[in-house]
Each structure stands twice: as C-alpha cells, then as structure tokens.
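Q: Could you put together the complete structure from these sequences and hints?
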Amino acid sequence: MLMSKNNIIAFLSIFAFFGLAMYFPFTTPVKINYPKSWPKPVYDFNKNPLTQEGIDLGRKLFYDPILSKDSSISCSNCHLSYTAFTHVDHALSHGVNDSIGTRNSPSLMNLAWHTSFMWDGAVNHLDVQALAPISHPAEMAEDINNVIKKLQNSTSYSGMFYNAFKDSSITGEHLLKAISQFELTLISSNSKYDSVMQKTSSFTPQEENGYKLYKKNCASCHIEPFFTNNQFENNGLFIDSLLNDYGRYGITKNPNDSLKFKVPTLRNIEFSYPYMHDGRFNNLSEVFKHYTKGINKSKTLSTHLKTPIVLSSNEKVDLTAFLLTLTDKNYLFNKNYGFPRALFFSENE
Amino acid sequence: MKFLFVVSCLLNAHILMSQEETSPIQVNISPKISAKDAITIDNLKFYLTNFSLVKSGETVWKETNSYHLIDISKPSSLSFNLATKIDFDEIHFSLGTDSLTNISGAMGGDLDPTKGMYWAWNSGYINFKLEGKSKSTSLEFHLGGYAPPYQTVQKIKLKTTKNDLTIFLNVSEFLNQIDLTKQHKIMSPGKEAQRLSKILSTLFYVNE
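Taken in order, these protein sequences are the chains called A and B. Here the first sequence is numbered in our numbering, starting from 3 and rising by one per residue. Here the second sequence is numbered in our numbering, starting from 1085 and rising by one per residue.
Hints were generated in silico from the structure; no laboratory data involved. All values reported here derive from a predicted model rather than from experimental measurement. Do not take every clue at face value.
[As the list claims (entries may be wrong)] Here are the computed lysine-lysine pairs in the DSS-like style, where the Cα-Cα straight-line distance is at most 25 Å:
#1 A/Lys-151 <-> B/Lys-1239
#2 B/Lys-1199 <-> B/Lys-1239
#3 A/Lys-318 <-> A/Lys-295
#4 B/Lys-1275 <-> A/Lys-151
#5 B/Lys-1275 <-> A/Lys-255
#6 A/Lys-255 <-> B/Lys-1269
#7 B/Lys-1269 <-> B/Lys-1158
A: Right, dumping it as structure tokens:
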C-alpha cells in the first residue's frame, strides 16, 4: 500500500495568529444607538465588535469600485445613501451579473435586526451577504480572492485593515466583517413616527387616521417598529412571465414557498421607489391599487390578504400621509453614511 | 474492499494526538481512486469537523474549534494535530459543517469564505467538492446544505485503538455508486446532495 506521511506542526503559527488577533489596543469601540423600546439586535456584535477603524474601513470598501471585477461598480452604485441606500429609477438593478439584474435593490437600514437577507432570504447572515454582489455564483472563490489580491496591493488598505483588525494580511473574514460594520451603523430610528412613539411629537389627524388604516390593513406583515415581520409572504403579485421569479421557493424548493418574498420595511418608503422585488410599481398609488384591486389569489397567497383590503380615496390619502411620517432625514442625509471623501483623497498611491 | 492500485490521490492527514512528543497518535486520511475508473480529479476538497475520541461508549475528548479543510492539492492541509494524549477505542468526526457554523457569518481559518467552499447565492458551506472528468462527461459535485430537510452533514464513527491510523475515503466506490451518465453535476442543496453525502459517509474506513 502506497502511503506517504507528512507531519506539519503548526502550533507556533497558530499561537502567534491568535495572539495577534486578540490584541486590539488601539481600536476605538463604537456602540450603536437605537430606541430603548426596540428589541435587542439579532446580529451578534460579540463576534464582530464595532470599532471606528472597522466602520471607516467598511465605509471605504462600500464606496470603492475595487470590489467589482472590472473596478467599475461599487456597492453604492446600487445602494445610494440619500435614497435609503436603494437604486431609485431602476426597477431592476443594473450591474455586474445576471443574478443581480433580475431584482430591485432593497433599501439598507436597521440591518442588525434582519433575520435573513435578499428578497428570497438566500443569504442567512449580514457578514456573508457581500459575497453575493462581489462574486458570480459558480465562480465565487476566484472572485473574492481577486478582490483580496487587489486590496493587498494597496498600501492604504493594508494599513486600514491593520488598524481595524491588527492584521495587515487581508482575509475574507475581515473584509466581510468590515463591510458589515459600516452597514450595521445604517440605522433609521428618527422619523416623525419615531418621535410620536417617543411622545415628543404628535400625528396630524390625517396621519393618525392613516396610522389606524395601516394597523388594520398592513401591520400583519409590516410590523412595527421595523415595519416587517422578517417573514416570507405572498402578497398577491402576479408573476412576471419574463423573470419567472418564484422567490423563496428557489431557495427552499418547497412548493408552499412559491411566490413568497421577504416582507420589506416601509421605513423611508418615500425614497425607496420603485417598489416590490422587481420594482414594478413606481409610486404608492400603484401599490394601493395592487392591495385593493390587484391581488392574485394563488395557492400560497398570505392568509392576511384573503379578505380584500378596501380603501376609499380619502383613506388612501390618509394612509400615504402616515407612510410619509416614516421618512427619516437624519438617516437619509447622515454625513457619516455618504461617500467618504477624506478616506479616498488622503490616499497617495 | 479491494483496490487495484492507488493512483495519484493518496492523502495523508496525520493527526498528532499529543503535545508531548512521547506518544503521538497519528491519523492519516486517504481518499482513494482506482485507475480503472479512468477518472481525472481536478479538485477534491472536503470538511472534516468535530473530532472526538470515545472510550467504551463515552466521549473522553473533544477537539475545540474542530474544522479541517482537506484539500488534495495542499499537502499541508492533510496534516494536523489533535492536542491530546488519551486512550480511546473509537474516533468520531463529521463530514461537513454543522448548521450553527453555517449561520454564524464570516469566519476565519479553514472556514474563511476565500477557500472556495462557500455558496454566495444560497448561504452555506460546500461540505464536499469533487470536480473532474470521466470518459464521457465532466464531474461537478458540490455537496452541502444545512437547512432541514436537506441537511448534508454526516456523523462518522470508526472503531480503532491505533495510535497511528489511516482513515480512508473510498472515492472510487463513491463514483461507482452514482450513475455518472445521469448524475454528474450538483451545485446546490437538496435531496440529491443529501443522498450523495449519505453515500460518502459510509465510505470512510480505517486500516487495521
């Protein structure tokens, strides 16, 4: 019997690695702020403690086209900060590969409370989400390794990685965790709705009536305070025969999941048009028309929509007034979220 | 099980089971491919995880952070140490990663997503990857999946008292059990990935 034997003892290098990895003397810890009434985040911050250095690095990566194959597209091309990190005016996001091009880019906010990512929940953790846009499904390994090679050739990046993780050899883990760190800071909790809930402001009678209508008709799926139940539901859209997107079914292969999509938040809905997974509706009145007149009664239709929603035209106006109270200028125009000019132009390479 | 002879694919993962140099226990992991299969293997990688040692039915030792990516093209991946020195009569481990690992976000070391063992568009680890060619077709088996009902991680228990043991994986037999004219490409979790993972789990054995 042929048999060769190799004994490689890696103790020393392993100890050295952990010794370094656990040594964070110069990082600046950051805590996210959110209303006291909110539940605890789903994201496990112990596994990726936020630091200013990590957030800065993640922010730079988010805005850097170096992450795309031909260095042409950054995350921010499809997720713009002043439009709730979505791609307005594009029903289907334009970008690097077919997988992306079949869906509308969702807004990015309050990600620490998400239990799954993508319209069909294809991604199970924020950290690994970025692998999807920066790689092709069949050739994933090649691509992320290329990205890492490109980053390793940049002295400013190896410095930033060192500052954030005390490890200048850039790893996939640290790349992804840095992007997560920035994304985790994208919190929207300062809308008029929030101040009404905190009793520092009050609804107009119209908004108040809209709030009631929302509670009656929409709150079963778009639950407060995140305006989503984090579940997959069929909200009665007819299938687009060109895209043939069956949503959650594609992931679970369970027929009961056919045509189910993740319930999106309604926060900052004023800015995140066009609406739905394929961006088929351009404005809220089309959305209301769908919920009142356009429901496709297919097998998997959510039980919450089995009885038709009725809204008079006045009620639609009131509901709209309420939905506009979910606009959060603090989030939309937050200077900490925008293009990090200083992080790019201090670079001399 | 008879082998005609072993082609190039002989992996040896030596597990030194002692920090003291005095009584190391070695485990060699050895995928075998017989020449008559006329199969070329370009890529063979899999996770072996959760190593533990059992004596008289009781777990006497468990490896912490027990993740080993075995990669036929990387001799260094075939050699690792289990830091213990203990009497045992069974070695237990899993083929693949457990569900907690699959939902815990970005991890480092052998679990780093740069290792080519992670699905970007349907989160989760590829537990076993075999790519190559047979006479008639290309082979692409990416087996993984942690979500019920299609979990693919497999527990493997082998009886042995040896301090120097080789664990074989009979890759030829795996390919024999699949009708390659019908099934030569699996790229996502599901029934088939689960079925093939179960077959693989029966094809580990120890030299005695």
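Q: For which of the previously enumerated hints does the structure constitute a violation, in increasing order of number?
A: 1, 4
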